[in-house]
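Make the full structure from the sequences, and use the hints.
Residue numbers (the numbering used here), protein chains in the order written: chain A, 1 to 389; chain B, 1001 to 1361.
If you are wondering where the hints come from, they were derived from the structure by calculation, not from laboratory data. Model, not experiment: these values are computed from the prediction. Just to be clear, a hint being listed does not mean it is correct.
Here are a few chain A residues that sit away from chain B, every Cβ distance over 12 Å (derived from the structure) [claimed, not checked]:
1) A161
2) L255
3) A370
Derived CB-CB ranges, DEER-like [what the hints assert, rightly or not]:
4) A95/A <-> A1274/B: 41 to 51 Å
5) S183/A <-> L1129/B: 50 to 60 Å
6) L1318/B <-> L311/A: 49 to 59 Å
7) F1167/B <-> S48/A: 49 to 59 Å
8) G1305/B <-> L378/A: 44 to 54 Å
9) R314/A <-> A1315/B: 50 to 60 Å
10) F1347/B <-> L378/A: 33 to 43 Å
11) A1098/B <-> R314/A: 31 to 41 Å
12) D351/A <-> A1274/B: 27 to 37 Å
13) R127/A <-> A1276/B: 31 to 41 Å
14) P1008/B <-> T380/A: 26 to 36 Å
15) T380/A <-> E1118/B: 36 to 46 Å
16) A1311/B <-> G43/A: 48 to 58 Å
17) L1058/B <-> R127/A: 53 to 63 Å
The beta-carbon is built from N, C-alpha and C at its ideal position, and this holds for glycine as well.
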Amino acid sequence: MKRAVTAAWIVLVFLMPSHLAWAQGGLEAATAAFKDDVHATAGLTCDSCHLASAGGGGQYAAIPRTAIAPGCARCHSDPAYMRTFDPQVRVDQFAQYLTSGHGRRMAAGEVRVATCSDCHAAHGITRVRDPRAPVAAANVATTCARCHGDAARMAPFGRDAAPPVDWSASVHAAALVKRGDTSAPTCNSCHGSHGATPPGVADVATVCAQCHTREAELFRASPKNAIFEAIGQGECLACHGNHRVESPADAWIGLEEGAVCAQCHDEVLGGAQTIRTVRQQLDRLSAALSSADAVLTRSEEAGMLVDDGRLALREAREHLLHSRVLVHAFAEKPLSDMAAQGAAAARRAQDAGEDAMRDLQVRRRGLSVATLLVLAFLATLGLKIRRLP
Amino acid sequence: MMRGRLQPWLEERLPIADLIDALRHKTVPHHRYSFWYYFGGMTLFLFGIQVGTGALLLLYYRPSATEAYESVQFIMTRVPFGWLIRSVHAWSANLMVACAFAHLFSVLFLHAYRRPRELTWVSGAALLLLTLAFGFTGYLLPWNEVSFFATRVGTDIAATVPGAGDFLVRFLRGGKDVTGATLTRLFGFHVAILPAVATLLIGLHLLLVQRHGMSVPPSVEAQAGKDPGTVRAMPFLPHFLLRDLFAWTAVLALLAALSTFYPWELGTKADAFAPAPAGIRPEWYFLWAFQALKYMPPEVAGINGEAVAVAAMSAGALAALLLPFVAGHTARSRRTVVWLGLVAGAFMTAMTWLALSGPTP
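So this is what it looks like as structure tokens:
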């Protein structure tokens, strides 16, 4: 009797209008989202995923989370089938997923980790190159942060939720989000996408070197490389951090409090002289650039054309940038040569500005003389006119 | 010795003595409005400066999209006194437009367009239009960002002319869009066609001024007892000419000061693929028309709003050109002309002020 009442209650609840409306609403939302889905464009229907996953039983069923990735892989790992839509499409996503932190845990039955639909959406899937896609470059961080920025979700896995917030404060986020530079790195640039896994300390430099090639080359040829390897220190991490990669400043180089070098070095340890010299070179070049820029700006504000000076200043700025890159050699020599070239270019810019200012003075003196002559002529003319009958 | 031989030789061949004699006998009315007579001479003087400095600029300027900007840059930075020549050319063009407008309005308000000076007025009004055309065609020549987009906006206006709009735009641009072909075309207008027409018109205008003399305003005539013969006059040579020379010298000093303290800027090179900078606008003397077009609704009685505004401005320009033939000869009609002139002047000033208070590029 009790069982019958319970069964009747369940049936009643299922037949209640609110539940029906909820179920209907979910179906409508899924149907509406699927209209814009890349699969719908390719001619696939609800049956393609739902009946197939249910074993072709003729009834739609929610796909179990552990079955989502294998379900997607039925098509996306089939080169012959995928080629019919796009001859260059990749088919290794599932294989990569199985090697990822997400995939390994999912295979072990942990359903709280990410699977295909968590990142790509379930019914409104768009191509990665579509800027609306949750996995489009500009949206990747937001998509990852849905889980990785949620402290409650991360706690069971022993991970903190700081990385997305840290990344948002980085130079990389500024480039991608503020400047719209889609080549700037986001989560998957370093961690991978389908094969997402945290890079180990030993691999960090390899990850950074994807873009910062010259810095990596210099570092590997520097005396620091062997030392860092010996103490198991992450190459780039020691100075730049990982997610919150901030814009580097010349003030990082030094032995005073707050400088990055001072984390390990002091006046007694070796390298103090190199650190001071490197900083002096950069400071001198920066000051030369500022001085040249100021005189060029003054000339321009006075209406003088100083394009040659601006060109030289641009050259000096490039040398300053190269000098800053050469800091990664952790030696005086290559940097001092580059800084000397920069100083020469800055000197040319300064000279161009000063020449323009001198020229301006000559013009103004010339005008003063001409004005005096003109005034004298006008006075004579005025006298002549007054004396006319 | 040389002069002793040269003078009779020249006099035998050229009517110099007759000309000097005619000028010695020429007189100019002298009254409280005589000051306005000098604006005509000042406009002519500035035109002379334009011809002189323009000829010097031609020695270095290259009229092509790839070289125009660089050649002006070269003139400004490398050619001795190139900066001065270019700045004087640009400032003098602006002063010339201002003087031409002042001359036109003074002639209008002093009713100097009356019989028998109708053709003097028509040739003068046509010269003002030519001056504006000089400004429009010269603006693009440095091929910088502002001039490029302003020319695009300016030539777009021609598209609103019903029927011939598309043809006019193509004619002005030498194609569908503003390109190097437009630059070459406008350069041709600026240095060959317009100067030729202007020289002819200036010749006619001066001839008519000599033929009819300076007009005496009706109020001065009335004060002098309706008899122009009783109005005070001064000899043209040397009295008026020396005063003219005084004004020209002062203008020359002003040009030198403006060019030294405010050298005409070059800006950045035009890039057809770059987005138009915010607040793009034409030279100050076209601002009133540009601003008026902005206030026009998209449609007026089912007709394109811009087309209506362009038609109204064209009708206004035509009416101004033909003013002596449409204005009456009574005191009342003269008052109407003064009021219309004041309204037109106030409208142009207000529109210019509104445009200038907007964003700058």
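Hints and how they fare:
1. The claim that A161/A is not at the interface with chain B holds, since no C-beta of that chain comes within 12 Å of its own (minimum 40 Å).
2. Every C-beta of chain B lies more than 12 Å from that of L255/A, the closest at about 44 Å, which supports listing it as non-interface.
3. Its beta-carbon lying about 6 Å from the closest one in chain B, A370/A breaks the requirement of being farther than 12 Å from that chain.
4. The given range of 41 to 51 Å is respected by A95/A and A1274/B, whose C-beta atoms sit roughly 46 Å from each other.
5. A C-beta distance of roughly 54 Å is found between S183/A and L1129/B, which places it inside the suggested range of 50 to 60 Å.
6. Checked against the hint of 49 to 59 Å, the C-beta distance between L1318/B and L311/A comes to roughly 51 Å, which is consistent with it.
7. Distance hint check: the CB atoms of F1167/B and S48/A are about 58 Å apart, consistent with the given range 49 to 59 Å.
8. Range check, G1305/B to L378/A: about 51 Å between beta-carbon atoms, so the 44 to 54 Å window is met.
9. The beta-carbon spacing between R314/A and A1315/B, approximately 53 Å, falls within the hinted interval of 50 to 60 Å.
10. As the Cβ distance of F1347/B to L378/A is approximately 37 Å, the hint placing it in 33 to 43 Å holds.
11. Distance hint for A1098/B and R314/A: a CB-CB separation of about 40 Å, consistent with the stated range 31 to 41 Å.
12. For D351/A and A1274/B, the hinted distance range of 27 to 37 Å is satisfied, since their beta carbons lie about 31 Å from each other.
13. The beta-carbon spacing between R127/A and A1276/B, approximately 33 Å, falls within the hinted interval of 31 to 41 Å.
14. Remark: the range hint 26 to 36 Å for P1008/B to T380/A is upheld by a beta-carbon distance near 32 Å.
15. The supplied range of 36 to 46 Å is met by T380/A and E1118/B, whose beta-carbon atoms lie about 41 Å from each other.
16. The hinted window of 48 to 58 Å between A1311/B and G43/A holds, with their beta carbons roughly 56 Å apart.
17. For the pair L1058/B and R127/A, the supplied restraint of 53 to 63 Å holds, since their beta-carbon distance comes to about 57 Å.
Against the hints set out earlier in the document, a violation occurs for number 3 only.
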